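Asker: For reference, the chains in residue letters:
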Amino acid sequence: MQARFEELIAADERIEPRDWMPEAYRKTLVRQIAQHAHSEIIGMQPEGNWITRAPSLRRKAILLAKVQDEAGHGLYLYAAAETLGVDRADLLDALHSGRQKYSSIFNYPTLTWADIGAIGWLVDGAAIINQIPLQRCSYGPYARAMVRICKEESFHQRQGFELLYDLAHGTAEQHAMAQDALNRWWWPSLMMFGPPDAESAHSAQSMAWRIKRHSNDELRQRFVDISVPQAEALGLTIPDPDLRWNEERGHHDFGVIDWTEFQEVLAGNGPCNRQRVAARVRAHEDGEWVRQAALAYAAKHSADGRDGERNVAAA
Amino acid sequence: MQARFEELIAADERIEPRDWMPEAYRKTLVRQIAQHAHSEIIGMQPEGNWITRAPSLRRKAILLAKVQDEAGHGLYLYAAAETLGVDRADLLDALHSGRQKYSSIFNYPTLTWADIGAIGWLVDGAAIINQIPLQRCSYGPYARAMVRICKEESFHQRQGFELLYDLAHGTAEQHAMAQDALNRWWWPSLMMFGPPDAESAHSAQSMAWRIKRHSNDELRQRFVDISVPQAEALGLTIPDPDLRWNEERGHHDFGVIDWTEFQEVLAGNGPCNRQRVAARVRAHEDGEWVRQAALAYAAKHSADGRDGERNVAAA
Amino acid sequence: MTTPVAQYALQLGDDALILSQRLSEWCAHAPELEEDVALANLALDLLGQARTLLTYAGSLEGRGRSEDDLAFLRTEREFRNVLLVEQPNGDFAMTIARQLYFATYQYELYAALCESTDAELAGLAAKAVKEVAYHRDHAVQWTLRLGDGTEESRRRMQEGVDQLWPYTAELFEADAVALELAGSGAAVDPRTLRPAWEASVAEVIEAATLTMPSGDWQPRGGRAGKHTEAFGLLLGEMQALHRQFPGAAW
Amino acid sequence: MTTPVAQYALQLGDDALILSQRLSEWCAHAPELEEDVALANLALDLLGQARTLLTYAGSLEGRGRSEDDLAFLRTEREFRNVLLVEQPNGDFAMTIARQLYFATYQYELYAALCESTDAELAGLAAKAVKEVAYHRDHAVQWTLRLGDGTEESRRRMQEGVDQLWPYTAELFEADAVALELAGSGAAVDPRTLRPAWEASVAEVIEAATLTMPSGDWQPRGGRAGKHTEAFGLLLGEMQALHRQFPGAAW
Chain H
0 MQARFEELIA ADERIEPRDW MPEAYRKTLV RQIAQHAHSE IIGMQPEGNW
50 ITRAPSLRRK AILLAKVQDE AGHGLYLYAA AETLGVDRAD LLDALHSGRQ
100 KYSSIFNYPT LTWADIGAIG WLVDGAAIIN QIPLQRCSYG PYARAMVRIC
150 KEESFHQRQG FELLYDLAHG TAEQHAMAQD ALNRWWWPSL MMFGPPDAES
200 AHSAQSMAWR IKRHSNDELR QRFVDISVPQ AEALGLTIPD PDLRWNEERG
250 HHDFGVIDWT EFQEVLAGNG PCNRQRVAAR VRAHEDGEWV RQAALAYAAK
300 HSADGRDGER NVAAA
Chain Z
0 MQARFEELIA ADERIEPRDW MPEAYRKTLV RQIAQHAHSE IIGMQPEGNW
50 ITRAPSLRRK AILLAKVQDE AGHGLYLYAA AETLGVDRAD LLDALHSGRQ
100 KYSSIFNYPT LTWADIGAIG WLVDGAAIIN QIPLQRCSYG PYARAMVRIC
150 KEESFHQRQG FELLYDLAHG TAEQHAMAQD ALNRWWWPSL MMFGPPDAES
200 AHSAQSMAWR IKRHSNDELR QRFVDISVPQ AEALGLTIPD PDLRWNEERG
250 HHDFGVIDWT EFQEVLAGNG PCNRQRVAAR VRAHEDGEWV RQAALAYAAK
300 HSADGRDGER NVAAA
Chain S
0 MTTPVAQYAL QLGDDALILS QRLSEWCAHA PELEEDVALA NLALDLLGQA
50 RTLLTYAGSL EGRGRSEDDL AFLRTEREFR NVLLVEQPNG DFAMTIARQL
100 YFATYQYELY AALCESTDAE LAGLAAKAVK EVAYHRDHAV QWTLRLGDGT
150 EESRRRMQEG VDQLWPYTAE LFEADAVALE LAGSGAAVDP RTLRPAWEAS
200 VAEVIEAATL TMPSGDWQPR GGRAGKHTEA FGLLLGEMQA LHRQFPGAAW
Chain B
0 MTTPVAQYAL QLGDDALILS QRLSEWCAHA PELEEDVALA NLALDLLGQA
50 RTLLTYAGSL EGRGRSEDDL AFLRTEREFR NVLLVEQPNG DFAMTIARQL
100 YFATYQYELY AALCESTDAE LAGLAAKAVK EVAYHRDHAV QWTLRLGDGT
150 EESRRRMQEG VDQLWPYTAE LFEADAVALE LAGSGAAVDP RTLRPAWEAS
200 VAEVIEAATL TMPSGDWQPR GGRAGKHTEA FGLLLGEMQA LHRQFPGAAW
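Listed in order, the protein sequences are those of chains H, Z, S and B. Under numbering that gives the first Met the number 0, the first residue of the first sequence is numbered 0, with each subsequent residue one higher. Under numbering that gives the first Met the number 0, the first residue of the second sequence is numbered 0, with each subsequent residue one higher. Under numbering that gives the first Met the number 0, the first residue of the third sequence is numbered 0, with each subsequent residue one higher. Under numbering that gives the first Met the number 0, the first residue of the fourth sequence is numbered 0, with each subsequent residue one higher.
Pulled out of the complex, with its shape left as it was, chain H reads as follows (with noise of 0.2 Å):
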């Protein structure tokens, strides 16, 4: 089995929920995986916060659309997590508890308009960036989870660019607003492809499996020389006094980051992780009557089967 396994890894083949897998390798998935969908879940709430003040229909339109693209996401990242054997329930009360993680630049709030854009722009590239290769992860499921994300995240994406392209090109308050937003959401970003190399953790191994393909500073360095040229296009500028394209390296060089702040925030202490943890679960105990109501209809109405078309329904 070990052998069949490592064939297929070494293959470039998808491993299936069928197919047998290493114990690491399972638990290595559901990790990133429920991390994957905590984080789209959790990154409707910075969000959420601008839909009801979007300041045009159309934005808000935009935006409503997005956030639904998101609970989306969750739904579809759960299901391929459930494929290794573990349940929704089950992992969002990791996340309610703190066992399990998010992503940490949804710990940063959402203080003018301007940062749903830079959000779009930003975080969504990023994100793009570390997804594309998922793509192509040896997990089947997750792979394809990710083909459907990435596409909608492109667009997402395109759409926080834009966003941010007219206020930089609209009045000098909104210009203002918007490279305040870029100031504001430009380190977090660098930081969400994860710590330097050298200290990462989890990457050696999940490089040999084929569930990551770049090392954290390659895809970082990705993200820097798309993000240049983009926000020349914005007509706005990227904090970081340091920056400047490198000849000889074909890259541009960017200055050093903070990873004091890195490790605060990924400790609990960023600006907005009780709030967005809280916020959760709250919305979970609220709801709890609701889903028990649910669960009860669906067991009187399958129970008794005189009625099969409310049983559908509440399937």
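Think of the hints as simulated: they come from the structure by calculation, not from any bench. It should be emphasised that the depicted structure is a prediction, and the values quoted were computed from it without experimental measurement. Heads up, a few of these hints could be off.
[Said to hold, decoys possible] Stretch by stretch, here's where chain H covers chain S in the computed footprint (C-beta under 8 Å, at least three residues): (1) 58-70; (2) 138-150.
[What the hints assert, rightly or not] When the alpha-carbon atoms are kept at most 30 Å apart in a straight line, the in silico DSSO-like pairs for lysine-lysine are as follows: (3) Z/Lys150 <-> Z/Lys26; (4) H/Lys150 <-> S/Lys129; (5) Z/Lys26 <-> Z/Lys100; (6) S/Lys129 <-> Z/Lys100.
[What the hints assert, rightly or not] Simulated DEER-style distance windows between Cβ atoms: (7) Z/Ala88 <-> S/Pro245: 48 to 54 Å; (8) H/Leu294 <-> B/Arg193: 48 to 54 Å; (9) B/Glu202 <-> H/Arg147: 57 to 63 Å; (10) H/Phe154 <-> S/Ala121: 53 to 59 Å; (11) S/Tyr133 <-> Z/Ala88: 47 to 53 Å; (12) S/Tyr133 <-> H/Gly254: 24 to 30 Å; (13) S/Pro245 <-> B/Arg193: 16 to 22 Å; (14) H/Asp11 <-> S/Glu205: 57 to 63 Å; (15) B/Glu172 <-> Z/Arg157: 41 to 47 Å; (16) B/Ala132 <-> Z/Asn245: 58 to 64 Å; (17) H/Glu161 <-> B/Gly89: 36 to 42 Å; (18) H/Thr259 <-> Z/Ser301: 29 to 35 Å.
Cβ coordinates follow ideal geometry from the N, Cα and C atoms, glycine included.
Go by the hints and put chains Z, S and B onto chain H.
Answerer: Just chains Z, S and B now, kept in the frame of chain H:
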């Protein structure tokens, strides 16, 4: 005792808590004072609705002080009622369960900032006309409470007038807002004087007992006569095509009041009856644990008596 | 001056806009992830309808007002939505009760409006009636589950349908605009929608083992811009950012 | 450009304004009528302080901005209040915990500021310190009652002091403005206030039979205009009407 009571009434002297009084007199007073107290505290809601949105800091301070005064009036009035052998908790319970009423005027919503002016000018204005004679009411504690209350209400009434004056002399939109408020509050204010004399259930006995000194229609006429020149000064039009000076009577004639609406609102079917009572009950229920804590603390610290100072604070 | 069709489109557009706003408040707070998706979906459909209707109203009134001008630059007293759609979300049962009443009404309305002599309204209705059929179904299924679920869910669902019942009367009130347009076949006389609505709602409430509400309190005023106090706060939040930067484009 | 004293006055003024706004949300919802009076009274005192401070800041910056321009026409990022005062009211215990922390701080601050070399600030402080002595006493008495009241009230009061504790660190942070002015004797170095504050708060918490909070999370950013998400909603509501009618006088 009865003779002594009637002697005092006839001499236009005050009945005090220690004096004997007929049970019906006591009951009438409890009902009236309680209704008056309830009106003060329910009246905080429509005005409280705009404190957080007041358009200038000066107006915010004025409105906040006014609503605070209303809470204070509620306190004096419940205290006056308590001299008649009832207690506040029972009266509040009667309010919450609908056994006792509050002034129907507070079942209308405050839809714009101008409504704050209209309430001050018209509602407080009508209240003052109702209340001035109560300063000479035969029951001492009530009469004395009314002296202080009337003084503060006059102040509020002038502030409301001034607020509306500034709107009526502001931009075209502000003027329209002021006129709209007058349109909505005029008729309900006329209804504040109660049903026409011919149909007033409690009036005759209350007049005999010197609780009341003028008939509903008399006071209503006085209100109209006072308000007409004030509306002119504001540059606003009272929404009554039949309103005109009657040289012969020396009073203004005015249109027919829609008593069906009055009865509907009284019966609980005004625009906000349900919301007002629900908000009141919610505040009371949400505060239950606080009141319990204060009692528990006071009991502990009076029982062991080791901390006189805290005791006082908790009283 | 504005035309009757413009006024009518504004009424229907405001209904959709304000209900969409209320539903979007649920974002990230729904009882389960599937409902985060579903409620956002309802909000999006309604927002789409609102945009079509407000744009149409703006074009007819001839003052050059865009959908955003109408949504973000009118005051409380200028909105024409019924009181039902502005009622606060309450718990999930209250939201479902509001959906049951409103989606059932909107389904009957749009179904009839497909025959409108006004091509724009007919076109909108033809598209929207399919969306609203799903909204109604969503509300019906949840009414059944909550009504016939647990003791707690039944109590809450009954409370929801009871509390919002008074606000349904206004849905079927014929104001001058609707009457005039119904005469020419452009609009639907709201009174004609009531029998089908009531039969449909009663059937669901019965199937959900709940008691049909009653009572004669029938608050109204939304179509004349007399809203409830909660509406001003909703509007303040919705318009806050737009008004913070007068004249800016987004 | 604005002067350091103008910036300092704006910081203190924003603290008072935003806490006043939060307290006024209690209006008509307090646990008992006496508290409706008391909380309105606190809100009024703070509003008065805010008006003096904002007016002074506006006069110093020399751009002709009035107290209302500063209160109603700045954006979220331009407000300088500490994060503590913008935290939502929560239950009554949470509100009392916020009052205990803030009023104790403000008392120490104003007491020291009475000696300011800036006559306006010294004058304001001399008046305000008396008001704030009452605020502190009000918070202390309620902390004792709730902490040493029932089991439920103790649990809630402990939760209140625990949850807000992290936000107290920012009160004693010395930014460039405060440091510069402290040097000239116009302002107080906030760090010097901490020992007395902490002794006073610890004494009350102990007397209330509660546990002194700890933990090293120290969120900050208010003085630099980086607020919490709740702040934008508070501001939107506060400014809604004023912004609805640009240029109008009230």
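Asker: Assess, step by step, whether the Cα of lysine 129 of chain S is no farther than 30 Å from the Cα of lysine 100 of chain Z, and give holds or violated.
Answerer: Judged against 30 Å, a Cα distance of about 48 Å means the pair is violated.
Asker: Starting from the range 48 to 54 Å, see whether the pair leucine 294 of chain H and arginine 193 of chain B falls in it by beta-carbon distance.
Answerer: 53 Å, holds
Asker: Cβ-Cβ distance between alanine 88 of chain Z and proline 245 of chain S: within 48 to 54 Å?
Answerer: 51 Å, holds
Asker: Can you confirm whether the C-alpha distance between lysine 150 of chain Z and lysine 26 of chain Z stays at or below 30 Å?
Answerer: Holds, at roughly 27 Å.
Asker: Just to be sure I understand the hint, the distance between the Cβ atoms of aspartate 11 of chain H and glutamate 205 of chain S should be within 57 to 63 Å; is that true here?
Answerer: 59 Å, holds
Asker: Against the range 16 to 22 Å, how does the distance between the Cβ atoms of proline 245 of chain S and arginine 193 of chain B compare: consistent or not?
Answerer: 43 Å, violated
Asker: Mind checking the hinted window 53 to 59 Å against the Cβ distance between phenylalanine 154 of chain H and alanine 121 of chain S?
Answerer: 32 Å, violated
Asker: Apply the coverage criterion to the stretch 58-70 of chain S and chain H: a residue qualifies when its Cβ sits closer than 8 Å to a Cβ of the chain, and three qualifying residues are needed.
Answerer: With 3 residues in contact (Cβ-Cβ under 8 Å with chain H), the coverage given for the stretch 58-70 of chain S holds.
Asker: Quick check on a hinted range of 57 to 63 Å for glutamate 202 of chain B and arginine 147 of chain H, using CB atoms only.
Answerer: 60 Å, holds
Asker: Is 29 to 35 Å respected by the C-beta to C-beta distance linking threonine 259 of chain H and serine 301 of chain Z?
Answerer: For serine 301 of chain Z against threonine 259 of chain H, whose Cβ atoms are near 54 Å apart, the range 29 to 35 Å is violated.
Asker: Could you check the hint for me, namely that alanine 132 of chain B and asparagine 245 of chain Z are 58 to 64 Å apart, CB to CB?
Answerer: 59 Å, holds
Asker: Quick one: are glutamate 161 of chain H and glycine 89 of chain B within 36 to 42 Å, going by C-beta?
Answerer: 39 Å, holds
Hints 6, 10, 12, 13 and 18, counting from the list given before, are not met by this structure.
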